[in-house]
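Take 1 as the starting number for the sequence shown in the numbering used here and just add one per residue.
No lab work stands behind these hints, which were simulated from the structure alone. Note that the Cβ used here is the ideal one computed from N, Cα and C, for glycine as well. Don't take each hint at face value.
Claimed, not checked - Simulated restraints, written as ranges between beta carbons of each label pair: (1) Leu96 with Ser209: 17 to 27 angstroms; (2) Gln108 with Thr153: 23 to 33 angstroms; (3) Asp48 with Ala180: 43 to 53 angstroms; (4) Pro142 with Val47: 36 to 46 angstroms; (5) Gly84 with Pro142: 33 to 43 angstroms; (6) Ala109 with Val47: 44 to 54 angstroms; (7) Ser113 with Asp28: 22 to 32 angstroms; (8) Pro85 with Ser12: 37 to 47 angstroms; (9) Asp214 with Ser154: 36 to 46 angstroms; (10) Ile40 with Ser12: 29 to 39 angstroms; (11) Arg62 with Leu195: 23 to 33 angstroms; (12) Pro51 with Ser154: 33 to 43 angstroms; (13) Ile71 with Ala109: 16 to 26 angstroms.
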Amino acid sequence: MSQGQPKATPPSDYQVILPEGWFRILLDPKDRDACIDALIERQFQGVDNAPHLKGEVRRDMRRRAAKAYRIGGIALYLSLQSIGPLTIPASMLVSLTPIPQPGALPLQALADSLVVSCGRPEEGERSDDGGADRKICIRHLPAGGAVRVQRWTSLPESVAGADQGLRSLIVEYHIPVPRARAILLLTFSTPLEFLAEAMSELFDAVAASLNWTD
1 MSQGQPKATP PSDYQVILPE GWFRILLDPK DRDACIDALI ERQFQGVDNA
51 PHLKGEVRRD MRRRAAKAYR IGGIALYLSL QSIGPLTIPA SMLVSLTPIP
101 QPGALPLQAL ADSLVVSCGR PEEGERSDDG GADRKICIRH LPAGGAVRVQ
151 RWTSLPESVA GADQGLRSLI VEYHIPVPRA RAILLLTFST PLEFLAEAMS
201 ELFDAVAASL NWTD
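Sequences are here, hints too, so could you generate the full structure?
Here it is as structure tokens:
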């Protein structure tokens, strides 16, 4: 009696290519404190007289990492790139969301589930724009099909100022995991509205670099 074909299994992990100067924080509780401590030491290298500030940053990062983990976060990537003396603020949260129903979720159904006030997105590069603040479209990446969502959120007044009207760019890639009932979500964000086009292109390039590993 011949043996059947081995059962196809989901990929065990993912890989992405990020520009030099990004830092990864693993969000699993057994890993994240060590990652955050390494980030703090890197950022405060050569600074010996700021223990209070280091403590505040460490506590803020731990709160942020714990919150991301509770919503399915796997890893948080932070930009430490700089232009002159200024650090480019940007981040990418990688999270995993289970799909309740059995079988693969069609991309169009996934796109429809993400529509709030927009019209129905079409296949390919076309997108429906329910206003300048939100766009949804289906993309075909080397790693498989994905639904791309681009939206804007207003920054808190404590950050933006009451009369400045600054916004943060959010780009999401919802990517079905092959042979699994799960969605890998890449959530990019940056408050640099004046660099939105360039940052959006960077985020798209990172998403296109995704590949699955066994």
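Hint-by-hint comparison with the structure:
no., hint, result
1, Leu96 with Ser209: 17 to 27 angstroms, "holds, 18 angstroms"
2, Gln108 with Thr153: 23 to 33 angstroms, "holds, 26 angstroms"
3, Asp48 with Ala180: 43 to 53 angstroms, "holds, 48 angstroms"
4, Pro142 with Val47: 36 to 46 angstroms, "holds, 42 angstroms"
5, Gly84 with Pro142: 33 to 43 angstroms, "holds, 34 angstroms"
6, Ala109 with Val47: 44 to 54 angstroms, "holds, 51 angstroms"
7, Ser113 with Asp28: 22 to 32 angstroms, "holds, 28 angstroms"
8, Pro85 with Ser12: 37 to 47 angstroms, "holds, 41 angstroms"
9, Asp214 with Ser154: 36 to 46 angstroms, "holds, 42 angstroms"
10, Ile40 with Ser12: 29 to 39 angstroms, "holds, 30 angstroms"
11, Arg62 with Leu195: 23 to 33 angstroms, "holds, 29 angstroms"
12, Pro51 with Ser154: 33 to 43 angstroms, "holds, 34 angstroms"
13, Ile71 with Ala109: 16 to 26 angstroms, "holds, 22 angstroms"
The structure fails none of the hints (numbered hints given earlier).
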